[in-house]
Amino acid sequence: MNEIWAERKQASVAKRQHDHRSSYQRDRARILHSAAFRRLQSKTQVMGSGQSDFYRTRLTHSLEAAQIGSGISAQLRNKHTELSAELFPADETLIESICLAHDIGHPPFGHGGEVALNYMMRNHGGFEGNGQTFRIVSHLEPFSEFYGMNLSRRTLLGLIKYPQTLTNLTTLPLPLAPKTFRQLKASDWHPAKGLYSDDGEMFAWVLSPLSASDRALFQSIKNIDGSHNKTIFKSLDCSIMELADDIAYGIHDLEDAIVTGVVSQQDFEREVIAKLEKIDEPWIQDYCKNLTVMLFNEQHYIQKEAIGGLVNYLITEIYLSDLNDSCDLNFAEPLLRYNAKLPENSAKALQIFKDFVFAFVIKQTSIQQLEYRGQQIVMELFEALASDPTRLLPKHATQRWLYAKEHNLNEFRVIADYVSGMTDDYATRLYQRLFLPSGALPISER
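In this text, residue positions in the sequence shown follow the working numbering: the first is 1, and each later residue adds one.
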């Protein structure tokens, strides 16, 4: 089975002299050298790229997630020696690859751009950042003629956070479209979380080694009142990547907010420390005693020590959960049967940090105003490009649009691919070129 999971859709991969890399090492190289990965340096993470050379971007976030993911993988290999040979490759390259690539499908301007593209694609299959990641690595990046980066099957499986199509997950009726873009309410247009029907053939290939029963169980969904359907399961590698992503978001992104003064010591004491102290966990209660003083210390090495201690605690608490035992399931494939999990108390602690970042940073008015502005830019660009694609799209995108049109494919997906691949800076410049008269102030300076 390990050989099957190391396979690529396009079997013929260039053989280079004296190349002794593993399949997953080659995957990591393709991700690192891709244009989509480079663009993360100018895509919003939390604080807004371009405002300072200190803030984390999606690139630095992905690098931190990869480092945390490799630490989780190493810990699990040592904790569960009886399963390590069956579940883990010889080194951490696989997990690093998945963590490095996990955000490359996110559009410019963060969730503002995602909402904008989902609205513009509302009648054409929708848009969702994780689904776009799968599309980029399996179709768009030009490392092969037809299959994108042509990554190994297991790497692709690890990147699938939601193993169902948006068509099967979108259950809420579409809201009435606003009269103008400026009236669009973001909360009405958050997408379901899944893959595009346009990429169904590649999705089916990734899952092809699974038995029919494993495939059906893995793709099962749950209904949630007042919301879209949600998937239930993910692969082992994806569960590691998600934990690494959450730790990088909840702990490392908090550092940006503290150092730049976005959050106050009083807010942190009230919303984080007071809640952590209620968790029945000796390490957490002891660490809380000096955590505020350390994090809000002017000596940066003391801040780093505090952050490092939190990250190390969370990584070392993670364990392998056998879903067949804990959830009374019957997965035959080990990559689906086992998931990385945090114990209950550690999970509560991480959630407190994540909730704090969301409430006091993400939902901050100035950040939401930036998202709103980006939302407007993305919708305007999509509308303009879709109005006359052969005139306004660059040559390579025009060729893809004409091919889709000729073969009765979803040509609007080509527009979404092009706009979502833009960096924040490029999208802003293109907006200025298309809509602002010469000499007018840029949008960021009005």
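Simulated from the structure, these hints should not be mistaken for laboratory data.
Hints may be right or wrong, so weigh each one.
[Unchecked claim] 25 angstroms max Cα-Cα, derived DMTMM-like pairs, lysine to aspartate or glutamate:
1. 405 <-> 425
2. 354 <-> 388
3. 234 <-> 305
4. 179 <-> 305
5. 234 <-> 298
6. 348 <-> 286
7. 363 <-> 201
8. 222 <-> 256
9. 348 <-> 298
10. 363 <-> 246
11. 79 <-> 269
12. 341 <-> 281
13. 348 <-> 383
14. 289 <-> 328
15. 304 <-> 322
Evaluation of the provided hints:
Straight-line distance between C-alpha atoms of residue 405 and residue 425 comes to about 30 angstroms, which puts the hinted pair past the 25 angstroms bound. Proposed proximity of residue 354 and residue 388 is contradicted: the alpha carbons are some 42 angstroms apart, above 25 angstroms. About 33 angstroms separates the Cα atoms of residue 234 and residue 305, which puts this hinted pair outside 25 angstroms; it is violated. Pair hint residue 179 plus residue 305 does not hold up; C-alpha atoms about 52 angstroms apart against a cutoff of 25 angstroms.
At roughly 41 angstroms between alpha-carbon atoms, residue 234 and residue 298 are farther apart than 25 angstroms, so this suggested pair is violated. A distance of roughly 16 angstroms separates the Cα atoms of residue 348 and residue 286; the hinted pair therefore holds under the 25 angstroms criterion. As the CA atoms of residue 363 and residue 201 are separated by approximately 38 angstroms, the hinted pair breaks the 25 angstroms bound. Pair hint residue 222 plus residue 256 does not hold up; C-alpha atoms about 36 angstroms apart against a cutoff of 25 angstroms.
Taking the CA atoms of residue 348 and residue 298, the gap is near 28 angstroms; set against the 25 angstroms cutoff, the hint is violated. Restraint check for residue 363 and residue 246: the C-alpha separation of about 17 angstroms stays at or below 25 angstroms, so the hint holds. Proposed proximity of residue 79 and residue 269 is contradicted: the alpha carbons are some 34 angstroms apart, above 25 angstroms. A C-alpha spacing of about 17 angstroms is found between residue 341 and residue 281, which places the hinted pair at or below 25 angstroms, so the restraint holds.
Distance hint between residue 348 and residue 383 is unfulfilled; the C-alpha atoms sit about 43 angstroms from each other, more than 25 angstroms. Proximity of residue 289 to residue 328 is assessed by CA-CA distance (about 40 angstroms); at most 25 angstroms being required, the pair is judged violated. Distance hint between residue 304 and residue 322 is unfulfilled; the C-alpha atoms sit about 34 angstroms from each other, more than 25 angstroms.
Consistency with the previously given hints fails for numbers 1, 2, 3, 4, 5, 7, 8, 9, 11, 13, 14, 15, ordered from lowest to highest.
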